[in-house]
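Enquirer: Make a model of the complete structure from these sequences and hints.
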Amino acid sequence: MTDLFEGYEAAPSRRGHDEMFDRFGRPRDTYGIIHDTLQPQTTDDLQARTEALSRAYRDRGVTFALSGEERPFPLDLVPRIIGPAEWARLEAGIVQRVQALEMFLDDVYGEGQVLEDGVVPRRLVHSSPHFHRQVYGLRPGGGVHIHVAGIDLIRDQEGELRVLEDNLRSPSGVSYVMENRRVMAQVFPELFRAQSVAPVDDYPRHLLRALQSCAPWAREPRIVVLTPGVHNSAYFEHALLARLMGVDLVEGRDIICRDDVAYVRTTAGEERVDVVFRRIDDDYLDPLQFRPDSILGVAGLVHAARAGNVSIANAVGNGVADDKLMYSYVPDIIEYYLGEPPILKNVETHRLGDPDARSHVLSHLDEMVVKPVDGSGGYGLVFGPTASDEELASCRADIEADPRSWIAQPVVTLSTAPTLVEGRLRPRHLDLRPFAINDGEKVWVLPGGLTRVALPEGSLVVNSSQGGGSKDTWVLEPARPPAPAPPPPPAPAVEPERHDTAPVPLQFGPADEHERLHQQQLQQQQEGPPWPGDSSGGGPC
Amino acid sequence: MLSRIAESLYWMGRYVERADDTARLLDVHVHRMLADATDERMGSTLIAAMGLAGSAEVSDVDLWRATELLAYDQDNPSSVAGSLRLARENARGLRETLATDVWEAINRTHHDLDAQVRAARALGPNLFFRWVGERVALLGGLIDSVVLHDDGWRFLTAGRCLERVDMTARLLAAVTTDDDASRWTSVLESCGANDAFLRTHGGEVTRERALAFLLQSEDLPRSVVFALRRAENCLAEIAVANGSPGRSVRVVGRARSELTYASAPDLVARADEVVEGLQRACQEVDELVRGRYFRRADLIEWASDIQGVGA
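Residue numbers (my numbering), protein chains in the order written: chain F, 1 to 541; chain H, 542 to 852.
These aren't lab readings, by the way, just hints derived from the structure by calculation. Please read all numbers here as calculations on a predicted model, not as lab measurements. Be aware that one or more of the hints could be misleading.
According to the in silico footprint, chain H covers these stretches of chain F (three or more CB under 8 Å from chain H) [stated by the list, open to error]:
#: 1; segment: 40-49
#: 2; segment: 185-196
#: 3; segment: 200-209
#: 4; segment: 235-249
Computed Cβ-Cβ distance ranges for the label pairs, DEER-style [said to hold, decoys possible]:
#: 5; chain 1: F; residue 1: 92; chain 2: H; residue 2: 798; range: 50 to 60 Å
#: 6; chain 1: H; residue 1: 749; chain 2: F; residue 2: 59; range: 29 to 39 Å
#: 7; chain 1: H; residue 1: 603; chain 2: F; residue 2: 48; range: 22 to 32 Å
Built from N, CA and C at the ideal position, the CB exists for glycine as well.
Expert: Structure, rendered in structure tokens:
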């Protein structure tokens, strides 16, 4: 039997930090049980489980379309584990970040004190393509802009988790977190046996509560999930969230706005809508305000929100707080609003509008990642170490022509974790996107989040359209106090009562007689003993 | 119709349903265990729910042993595999009565059983539970769509419904005192009722709502009231066709109306009592049905064992 981990340490991508093994090649404490459970497995075992996983995903429709073919979303069998102490710090850091960004959004769409105080340049905010004047001064229902947030984190060479990006518009991926856990529990239950993993199925309940609390009216608000439609790549997620919250999943054409009130069309006539959890970008949300050619949106929705008749979640215009340039100001924003240092660090970022930073970056261009300020999804990104000379030259020219549109970051070697590739466990790079929900009173973070894995060797791109997969992400619960004294006492009080009467036994049909009959019926047909020497059915003894 | 045929149909219905429900019951417990690896009493809870507590062999088992015993062990008549085997034993004597499709479906299930158990031992029980669920759904669909809806079908259906009531009561008995919303979600899932619940009540799962939904809902095909009503109708039609209304109809009807007209808070307050009452009612109906319709001569052995008579 070959060891699944054979050759792991020698793999070329095994540089930097590994999630499972420390630098001496020993499994870390948090991974002890997983490592010991995986070790004795054979390639065939894991392959069979992987197939069961893919089949479950195909059956449930957790797929993405790749060149016209429906593929199951690749889920790796080896979970990613976060220990209780690290999680506590991460959670605090995410809560802090979301709170500060929430206050920032409230400020820039209101009084603008932060701009007044010069913490963030006014020009920067007002020139952002995601700053929407249409919602200036509009105070959203419940006072919340960021109902859900996804904060992308990566782990650097030193093992420190840093924030790579904030997603405050409609971050997706949480459905995979829930589905991954469900499927993992089904196909690999042994892994869960000896440890307590924080559950992830609370998400829809928290989301529902947050959406209810931002409704313009407190009593039984009607909530809908607004999807672009069945062909959207995240449609599975929209449907899942709507189903688990027990609310309607609607498309733009199902809603109409009249006299600043939003209604859904039902068989019983039009019914009023109080909260729209929209999964449509700002640009397409309301053709009266944004792109007039949008057929996905709802005409008049923003007006209805301004009139206080409907709440839009997430709020319109959040993009101003999560673009790449604003990202570099987030540590300052946290300091400014909360008066405390940021718990989670950013990746070092050079704003190329600044002459010193620019000259530094231009002289180290081949060691940098250069990103356009308002690009997303990796578009326009120049990766220094692998770029050709021409690409670097054109990048240099672009920067010099319009320095404010670019930022640069040093190349971070993402941490790796064992991932099943062709029957062996191999180091692959990964990131982490935890999800936070803000109900206006407190920010709740779903334990864990989505871990995305870059499946090609050495690749740092974790997008599923580019060969990325995911891992079930576990937050271990702190070890419980060894002697839970309280539970036993109440038990005796209840149990004798229940055991007063004997449990009702299952009833059975006349099976025994059936069997005896069958035996005799069988003997009837036999001319003699079935084989020589067998005399069990024979004469009297 | 022949008593023997009626009896086999009734038991086939009960065993098929029992296989499905036991698989569902186990699935919930395995999932509960995953959520709370430290609860060591779960295996025993499960054994108790199946009415097996007390025998030395099964006391003090952990969940994995309990799964082995209640899922795969063909020799244990109350296991999933055992129930499927007994269902086929009964169906075997019904080949001329049952539609060919039904017999074939149950026979194929029997022949695939070993392979499924092997796969489940290697890859975890969920695959097995899903397979059982799919096979039983197929059987149920065929029974409802190709079998003549005569008295035989009514015996079969009454058996299925009574078993569903009994097993749902057992499933609930194991969790009635639980207040954790996510556990109630898995209970609803195990009854195939989670989506229906969410459509009816929205995403706020509470113990009271879930319990009342599973016991009382008139629209949920897997609710206790729904199954009781169906059993009541079948038994009433059988009784009328065979002369007179019977006591079994009365027992089922009383159990149903007690549930239908109880208030939800009251049901929840008396949950333990209610689910045990349901199990007792099923037991009583079973005895009444046997007594009235399946009366049979004891197997008469013209014994050569003279000593027995002499003594």
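Enquirer: State, for the Cβ atoms of residue 92 of chain F and residue 798 of chain H, whether the hinted interval 50 to 60 Å holds or is violated.
Expert: 56 Å, holds
Enquirer: Does the beta carbon distance between residue 749 of chain H and residue 59 of chain F stay inside 29 to 39 Å, or does it fall outside?
Expert: Holds - the Cβ-Cβ distance for residue 749 of chain H and residue 59 of chain F, about 33 Å, lies within 29 to 39 Å.
Enquirer: Please count how many residues of the segment 40-49 of chain F have a CB within 8 Å of a CB from chain H and say whether that reaches 3.
Expert: Coverage by chain H holds here, the residue count being 3 at a Cβ distance below 8 Å.
Enquirer: Given that the segment 185-196 of chain F was listed as covered by chain H, double-check it with a C-beta distance under 8 Å for 3 or more residues.
Expert: holds (count 11)
Enquirer: Under 8 Å between beta-carbons, do enough residues of the segment 235-249 of chain F, three at least, approach chain H for the coverage claim to hold?
Expert: Holds, because 5 residues of the segment 235-249 of chain F bring their Cβ atoms closer than 8 Å to Cβ atoms of chain H.
Enquirer: Do three or more residues of the segment 200-209 of chain F come closer than 8 Å to chain H, measuring C-beta to C-beta?
Expert: holds (count 5)
Enquirer: Given the hint of 22 to 32 Å, check if residue 603 of chain H and residue 48 of chain F actually sit that far apart at their C-beta atoms.
Expert: 25 Å, holds
Violation of the numbered hints given earlier is absent; every hint is satisfied by the structure.
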